[in-house]
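Student: Okay, here's what each chain looks like letter by letter:
Number of protein chains: 2
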Amino acid sequence: MAEQQSSEKDVFTFELIAQEGNARAGIFHTPHGDIETPIFAPVGTKATVKGITPAELEELQASLILANTYHLFLRPGEELVNEMGGLHKFMNWPHPILTDSGGFQVFSLSSMRKIDENGVNFRSYIDGSIQRLTPEKSVEVQEKLGADIIMAFDECAAPYDRKYSTEAMERTHRWAERCLKAKKRKDQALFGIVQGGIFPDLRVESARRISELGFPGHAIGGLSVGETKEEMNTMLEIVTPILPANKPRYLMGVGSPEDLVNGILRGIDIFDCVLPTRLARHKAAMTFQGRINLLNAVHTHNSHPIDETCSCYTCKNFSRAYLRHLLVAKEMVGATLVSIHNLHTLLELVRRARRAIIEQRYSDFAAEFLENYH
Amino acid sequence: MAEQQSSEKDVFTFELIAQEGNARAGIFHTPHGDIETPIFAPVGTKATVKGITPAELEELQASLILANTYHLFLRPGEELVNEMGGLHKFMNWPHPILTDSGGFQVFSLSSMRKIDENGVNFRSYIDGSIQRLTPEKSVEVQEKLGADIIMAFDECAAPYDRKYSTEAMERTHRWAERCLKAKKRKDQALFGIVQGGIFPDLRVESARRISELGFPGHAIGGLSVGETKEEMNTMLEIVTPILPANKPRYLMGVGSPEDLVNGILRGIDIFDCVLPTRLARHKAAMTFQGRINLLNAVHTHNSHPIDETCSCYTCKNFSRAYLRHLLVAKEMVGATLVSIHNLHTLLELVRRARRAIIEQRYSDFAAEFLENYH
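These protein sequence lines are chains A and B, in that order. Read in order, the letters of the first sequence correspond to residues 889 to 1262 in the working numbering. Read in order, the letters of the second sequence correspond to residues 889 to 1262 in the working numbering.
For the record, the hints were derived by calculation from the structure and aren't laboratory data. There's no promise every hint is true.
Claimed, not checked - Every beta carbon over 12 Å from chain B, so not counted as near; a handful from chain A, in silico:
1. 920
2. 921
3. 1006
4. 1112
5. 1113
6. 1122
7. 1167
8. 1172
9. 1204
10. 1209
11. 1218
Claimed, not checked - Simulated pairs of lysine to any residue, SDA-like, Cα-Cα distance not exceeding 20 Å:
12. 1204(B) <-> 982(A)
13. 1032(B) <-> 1188(A)
14. 1069(B) <-> 1028(B)
15. 1025(B) <-> 1066(B)
16. 1074(A) <-> 982(A)
17. 1218(A) <-> 1015(B)
18. 1204(A) <-> 974(B)
19. 1204(A) <-> 977(B)
20. 1218(B) <-> 982(A)
21. 977(B) <-> 1198(A)
All residues carry an ideal CB built from backbone N, CA and C; glycine is no exception.
Could you build the full structure based on these sequences and the hints that come with them?
Tutor: See the structure below:
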């Protein structure tokens, strides 16, 4: 295992380019290209970012995208993806990909689940069949999917239940070790996940324990699951200083503009979230000032784009009146165009944050952003 | 009116480049660019080609697209489109656009309709309200929408009812004259429509009458509405020789590959159809050899594209296995990718047909195509 880790270290180096306070600008090197951090990863749950072709993702200059092990395990199955040459080839994304472990979805999406020390039984959302994931199985599935970054199988507890948070955290630690042992491929980086709910002492314990295991990167799980934004920020302030500075830090499932700015301020390098594409399908445009509900009648006669200052394909070519028409008529292109804008907004936000860190003006940038964001 | 027509003639000239038998290659000049004929026009019913952005249409080298007056009249309304600068600007398509008159949809889509000599009352599919279109109103709506090519308001009868076909044809002729009188804009070409069901004598009469009225282009309506392919081809053979050779001929609502090849053989220059995008949403890929149902289990492990010889974005980048996965999972991008392929197939077919006509080998091309198409 020592050899395996040193091999990973050669491939997955993380260069710190600049730092201002806890905010970091870096480059994470992967077999499918460099990821300039901080970065936001669009989510392609079922090996497709909803409504967006890979060509459109390229034009958005996305670098890292995420796919969900839970969904792909159930359909089309990791064997098929592997047979088709792995996720990169299957979905035509030659750049970095991250897969989660399936842990979060097993706990959040499955109607029936039964946890034991060895793993979790759950009911498939597709056909109701009983399925099982274990730490070893999750790693095996993720090795067959073939993403650049893969995640340890973890247990995510409800944030305010101390007893369950403790148990879930401890099991997550034992499972993290089992994932490391189970891992065979040397061209994938396995990240460990910190749990502990909203309990500072648990988060400290988890961050220390996970950091000791020698992962090439660390994730913070179990946040943005019902706690307040203040609680999330407090947990980040507790956890990030414990995590090794020379490895990337990934805040899982977080993606509102203010959460990105606050996370970067607290030392986070990687984010992912379904928010930009989900909001687009539910008619909301994201801007640096807040959300716009495009279904609102006030936009009916509006010949201006979502954001006059935005350089995305949607804002350069389409009025709010047209987007509203498409959304009212439930036309697919409406969701696509608003998704393009929303993804551009988050990708542009992390690009601006990165420049601000490099130019040592991120704290001002963040303060100004948060003041103007409603 | 004489002045108006000569003004139209200056803008909307039709150059015949080559002819082989009845098949023609030409260029139809419009204010928004040249249309090389024969051409297939993708349908953007509600001012959007379903699942396809204008950028994707550009990449497909589409030249002419169609939008439906019936749908846009009901929502968002021609006033809004006009206020937003017209259809070209509203939907971001700077190339030629054609709008139909609403006649066909009033007769095919509305649950309640009441025809009188002056026009048609019908029930809106959106809110059940009673709406009215007349020849004058259809022209007014189309002038506000602002397409390059607009259509006379016609009445489409069931193909086998001689009595109704006669009445509908005669009313269509009277309405055609009223549309010509109602027309004000000089930067739009108003096409007349030939009706007459599957009755040769009615089609002859209609083609003669409509040709006399001095339209800058002529359409053949009321086909592909339930008659056999042989009947359709017979009607084309009767009608096209009567229509002036120096003006474009448009076969409305027809778009299967074999119908395109057969229509071109009989002197048709312009086609439109929802088939390529509708079939894509219903999982079928169009090829030069026939249709492929991508949901079929036989494609589950197929690492090849829809068509190895196809140069479209979809075939260059995605396997049948991946497309099938997207379609099974009901992912929007599945419909988009198959729509791109299907539109490319029809656009490539008319490009090849045009080259074959120019090179005087279209009859061989058509015979070979029809022999291999199943």
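Student: Hint by hint, say whether it matches the structure.
Tutor: Against the structure, the hints come out as follows:
Look at residue 920(A): its CB is around 16 Å from the nearest CB on chain B, clear of 12 Å, so calling it non-interface holds up. Non-interface status of residue 921(A) relative to chain B is upheld: no Cβ of that chain comes within 12 Å, the nearest being about 18 Å off. Distance check on residue 1006(A): its Cβ is at least 30 Å (rounded) from any Cβ of chain B, clearing the 12 Å threshold; non-interface status holds. For residue 1112(A), the requirement that its beta carbon stay farther than 12 Å from each beta carbon of chain B is met, with the minimum near 24 Å.
Separation of residue 1113(A) from chain B is adequate, the least Cβ-Cβ distance of about 25 Å exceeding the 12 Å criterion. No Cβ of chain B comes within 12 Å of the Cβ of residue 1122(A); the nearest lies about 38 Å off, and the non-interface call holds. At roughly 15 Å from the closest C-beta of chain B, the C-beta of residue 1167(A) stays outside 12 Å, upholding its exclusion from the interface. No beta-carbon of chain B comes within 12 Å of the beta-carbon of residue 1172(A); the shortest separation is about 17 Å.
Separation of residue 1204(A) from chain B is inadequate, the least Cβ-Cβ distance of about 9 Å not exceeding the 12 Å criterion. With a least beta-carbon separation of about 5 Å from chain B, residue 1209(A) fails to lie farther than 12 Å from that chain, contradicting its non-interface assignment. Interface exclusion of residue 1218(A) from chain B breaks down, the closest Cβ pair being 9 Å apart, not more than 12 Å. About 14 Å separates the Cα atoms of residue 1204(B) and residue 982(A), which keeps this hinted pair within 20 Å; it holds.
Restraint check: the Cα-Cα separation between residue 1032(B) and residue 1188(A) comes to about 17 Å, which is no more than 20 Å; the hinted pair holds. The hinted pair formed by residue 1069(B) and residue 1028(B) meets the criterion: a straight-line CA distance of about 11 Å does not exceed 20 Å. With a C-alpha separation of about 10 Å, the suggested pair residue 1025(B) and residue 1066(B) falls inside the 20 Å cut-off, and the hint holds. Restraint check for residue 1074(A) and residue 982(A): the C-alpha separation of about 18 Å stays at or below 20 Å, so the hint holds.
A distance of roughly 15 Å separates the Cα atoms of residue 1218(A) and residue 1015(B); the hinted pair therefore holds under the 20 Å criterion. Using a Cα cut-off of 20 Å, the hinted pair residue 1204(A) and residue 974(B) holds, with the two alpha carbons roughly 17 Å apart. With a CA separation close to 12 Å, the supplied pair residue 1204(A) and residue 977(B) stays within the 20 Å bound. Taking the CA atoms of residue 1218(B) and residue 982(A), the gap is near 24 Å; set against the 20 Å cutoff, the hint is violated.
For the suggested pair residue 977(B) and residue 1198(A), the alpha carbons sit about 19 Å apart, so the restraint of at most 20 Å is met.
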